[in-house]
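Asks: Line by line, the protein sequences give chains A and B. So the first sequence is numbered by numbering that gives the first Met the number 0: it starts at 0 and just counts up by one. So the second sequence is numbered by numbering that gives the first Met the number 0: it starts at 0 and just counts up by one.
Treat the hints as calculated values from the structure; they're not laboratory data. Watch out, some of these pointers could steer you wrong.
[As the list claims (entries may be wrong)] Covered stretches of chain A (chain B as the covering partner; in silico rule of three or more C-beta atoms under 8 Å from a C-beta of chain B):
| id | region |
| --- | --- |
| 1 | 9-22 |
| 2 | 25-31 |
| 3 | 57-68 |
| 4 | 124-130 |
| 5 | 137-147 |
| 6 | 160-171 |
[What the hints assert, rightly or not] No farther apart than 25 Å at their CA atoms in a straight line, the calculated lysine-lysine pairs in the BS3-like style are these:
| id | chain 1 | residue 1 | chain 2 | residue 2 |
| --- | --- | --- | --- | --- |
| 7 | B | K382 | B | K403 |
| 8 | B | K313 | A | K155 |
| 9 | A | K155 | B | K338 |
| 10 | B | K286 | A | K139 |
| 11 | B | K145 | B | K2 |
| 12 | B | K556 | A | K108 |
| 13 | A | K155 | B | K2 |
[As the list claims (entries may be wrong)] Just a sample of chain A residues kept apart from chain B, beta carbon distances all over 10 Å, derived:
| id | residue |
| --- | --- |
| 14 | K1 |
| 15 | D3 |
| 16 | T4 |
| 17 | T34 |
| 18 | Y42 |
| 19 | V77 |
| 20 | S115 |
| 21 | R117 |
| 22 | F150 |
| 23 | I154 |
| 24 | M191 |
Here a beta-carbon is modelled for each residue, glycine too, at the ideal position from N, C-alpha and C.
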Amino acid sequence: MKYDTFLLKCSGSATGYFMPELQTGFSISAKEGVTIYSFLTGYCGISDEYISGKVKTIMIDGGPVDDIFNTKIHDKGVCALSGAMPGIVGAMMRIGSPYAAMRESITVKPEGGDESGREILVDVKLFNVILADKGADFLKRGILLREKRIFNLFIKHGNDIFSCCREVLFNGKPVDFKKQLTDGVSMDRLVMLKLEMEDER
Amino acid sequence: MDKILRINMSAKGGPALKEESNAKYPGMGGRALTTAIIAGEVHPMANPLGEENKLVIAPGLLSGSAAAMSGRISIGCKSPLTGGIKEANSGGQAAQVMARLGYAAIVLEGRAPEGELYKVVINKDGVKIDKAPEYKMLPNYDLIEKVKATHGDKVACISIGPAGEMKLGAASIACTDMEFRPTRHAGRGGVGAVMGSKGVKIIILDDAGLENRKPADPEKFREANKVFVEGLRTHAVTGSALPAYGTNVLVNLINEAGGFPTNNFKEGRFAGASSISGETIADIETKRGANPTHGCHRGCVIRCSGTYHDKNGKFLSKQPEYETVWAHGANCGIDDPDKIAMLDFLDDNYGLDTIDMGAAIAVAMDAGLAKFGDGDAAINLIKEVGKGTPLGRIIGSGAATTAKVFGVERAPVVKGQAMPAYDPRAIQGIGVTYATSTQGADHTAGYCITANVLKVGGFVDPLKSEGQVELSRNLQIATAAIDSTGMCLFIAFAILDQPETFQALIDMLNAFYGLSMTADDVAALGKQILTMERDFNKKAGFTALDDRLPRYFYTEKLPPHNALFTVTDEELDSVYNW
Ligand code: SF4
Chain A
0 MKYDTFLLKC SGSATGYFMP ELQTGFSISA KEGVTIYSFL TGYCGISDEY ISGKVKTIMI
60 DGGPVDDIFN TKIHDKGVCA LSGAMPGIVG AMMRIGSPYA AMRESITVKP EGGDESGREI
120 LVDVKLFNVI LADKGADFLK RGILLREKRI FNLFIKHGND IFSCCREVLF NGKPVDFKKQ
180 LTDGVSMDRL VMLKLEMEDE R
Chain B
0 MDKILRINMS AKGGPALKEE SNAKYPGMGG RALTTAIIAG EVHPMANPLG EENKLVIAPG
60 LLSGSAAAMS GRISIGCKSP LTGGIKEANS GGQAAQVMAR LGYAAIVLEG RAPEGELYKV
120 VINKDGVKID KAPEYKMLPN YDLIEKVKAT HGDKVACISI GPAGEMKLGA ASIACTDMEF
180 RPTRHAGRGG VGAVMGSKGV KIIILDDAGL ENRKPADPEK FREANKVFVE GLRTHAVTGS
240 ALPAYGTNVL VNLINEAGGF PTNNFKEGRF AGASSISGET IADIETKRGA NPTHGCHRGC
300 VIRCSGTYHD KNGKFLSKQP EYETVWAHGA NCGIDDPDKI AMLDFLDDNY GLDTIDMGAA
360 IAVAMDAGLA KFGDGDAAIN LIKEVGKGTP LGRIIGSGAA TTAKVFGVER APVVKGQAMP
420 AYDPRAIQGI GVTYATSTQG ADHTAGYCIT ANVLKVGGFV DPLKSEGQVE LSRNLQIATA
480 AIDSTGMCLF IAFAILDQPE TFQALIDMLN AFYGLSMTAD DVAALGKQIL TMERDFNKKA
540 GFTALDDRLP RYFYTEKLPP HNALFTVTDE ELDSVYNW
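Construct all of the structure, not just a fragment, from the sequences and the given hints.
Replies: Okay, structure coming up:
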């Protein structure tokens, strides 16, 4: 499916304002039947090396996963990614943790799922080092958010974000975001948000 | 570090000092020593605030040396909150300075006459104890300012605030940090009330003119310390996650797991989690010119602590820890980091345990005294404690008392002590530790060092699912042992994954004391400590029925997983079978 797209041409410092949204969650479109591993490498652009080196906890719908190669992702599922975390509970949540028995009741086990290949939407949440390392990459590739959330973000941080942005394009055409803000919004549809960092070009 | 200083506060004619060798407690430091003294010298049925109880302050075995991370201090007594044995520990400068002064322990005994308050000053020339009426009811920050004027800011202090003087069940003992602020606390179990009952407001430790403690084998010690530090620096948790975000980095993860107790343990997820996460708070700190990466004592290489500034860029409090952000945040429905930092400051200033205070305020909210999410109301409730009003004294006595007084069924406590920031219905294994710990509901009692490395209770095959009872047992044993070294428990994360880092710790102990300990000896020490603690609690009247979670954890489902605590009584009763 094609989504209407907001493109912000901005400096790298603008990414900071989007970090809370990346923690709260955004959508990525994928194909039904895909495993967690394939979702991360194929649809999120995260390398195999990074996954094995830094992604230490993956949760699906709030349950830690131990087998990312056989556990499938489903439509409207929530996939949270975290680096190595402190504490006994942090250790318990890790992929393949020796303490897995202590969180057995919420562990997500591999099971067969629909493999229709139809488009599904997965909510992704980035935490801690994964947020710091990969947040900007996700913003560059584009994330799907309810339009209302984008506008709320601009209501909260509009002046700061605009001061880092040279141009805002909607489907390739310049748009007066400030004017739209004053008109009020209640849009529940998903749109693509992309950042083009000018200091990196 | 071969002396024990005993101060008898009941002696005729005023406090009497006695110094003795620690020959009776050979090779013991930190929790091992506090537990051995309490278990051996305090009657288990003693009133915790009475003359018979003792307050034991003991740095760890490696404190005062050049060993990295060795600045934790243990404070033990019979707890007025749980009625059982207690060890609460703290960071800050006190452990290092006290160890350099040569003391394995300071033991406060007896009880000063009602209304008398003392300060103890220890330096290389000796110990002085004087009446200190000028310090009466001073909050910790004001107290430390006064001390700065008379002793400078190079000393280290161990003090109580008004909560300790009022002998409240949630009163903590503060230790000053590297900037001479009273930000590090031995928080749990009401240890501050016991210090208050002894009539000691502050212990001022001055190591001017003294050097680091010297190892028996300096060469081996230096080499082991190097390997140890290298292990901490390269590990993902101790080298990266903790320094960048502090302990509060756990908020997002535990919230996502549905185990982040919200609105007095009614839900497992908090809608405002991302506003109070470690990532967000570190960002606020950086923008306001505060420091998100900071050590609580010299020699810490992990540096999980930090400073938090207000909107005007002025110091407000230390960076609130995960437990504080949860207790005063999600558990009270508060998602404003500035309000949480203010609550943290007030707790430190009045000398209160942030976990029991957050839990008590949430109980009060359940009772209708304030609305969940109302940060200002929470601040006012803590101020009531500082003022010593009847309401404040109830709340300052902790969550269990607050629930009783206001008739609230949902009191998240075990053995009278409030649970920390993990809901045991979502994360069942932690519930085993809450239920069976000798300390009351306590997360650090189950903090981890790998069972594989220590090989306590057999090797745990990472590919096989071991029982949570066995794991909880192993973790409790290992934690008791680490608490005796003076090492910050956060080293455990590096040790979990890197056996060579654990070996370096043992090598350091061996090189320092000229020993040849093995991992088995460390495990045996952990078991010995737990056995002493367990025996004391039994004699104090604890039975298997005290090793249970409150009933509602078995009957009230916790969203989003709709989980109940399902570990059986038989399983809980088998934790101490060894
Ligand atoms: S890691 Fe944190 S708690 Fe431990 S010693 Fe360092 S600053 Fe203190």
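Asks: Hint by hint, note whether the structure agrees.
Replies: Status of each hint after checking the structure:
no.	hint	result
1	9-22	holds (count 4)
2	25-31	violated (count 0)
3	57-68	holds (count 4)
4	124-130	holds (count 5)
5	137-147	violated (count 0)
6	160-171	violated (count 0)
7	B/K382 with B/K403	holds, 21 Å
8	B/K313 with A/K155	holds, 24 Å
9	A/K155 with B/K338	holds, 19 Å
10	B/K286 with A/K139	holds, 24 Å
11	B/K145 with B/K2	violated, 29 Å
12	B/K556 with A/K108	holds, 22 Å
13	A/K155 with B/K2	violated, 60 Å
14	K1	holds, 29 Å
15	D3	holds, 25 Å
16	T4	holds, 25 Å
17	T34	holds, 20 Å
18	Y42	holds, 20 Å
19	V77	violated, 8 Å
20	S115	holds, 27 Å
21	R117	holds, 26 Å
22	F150	holds, 18 Å
23	I154	holds, 16 Å
24	M191	holds, 21 Å
Violated hints, in rising order: 2, 5, 6, 11, 13, 19; the structure is consistent with all others.
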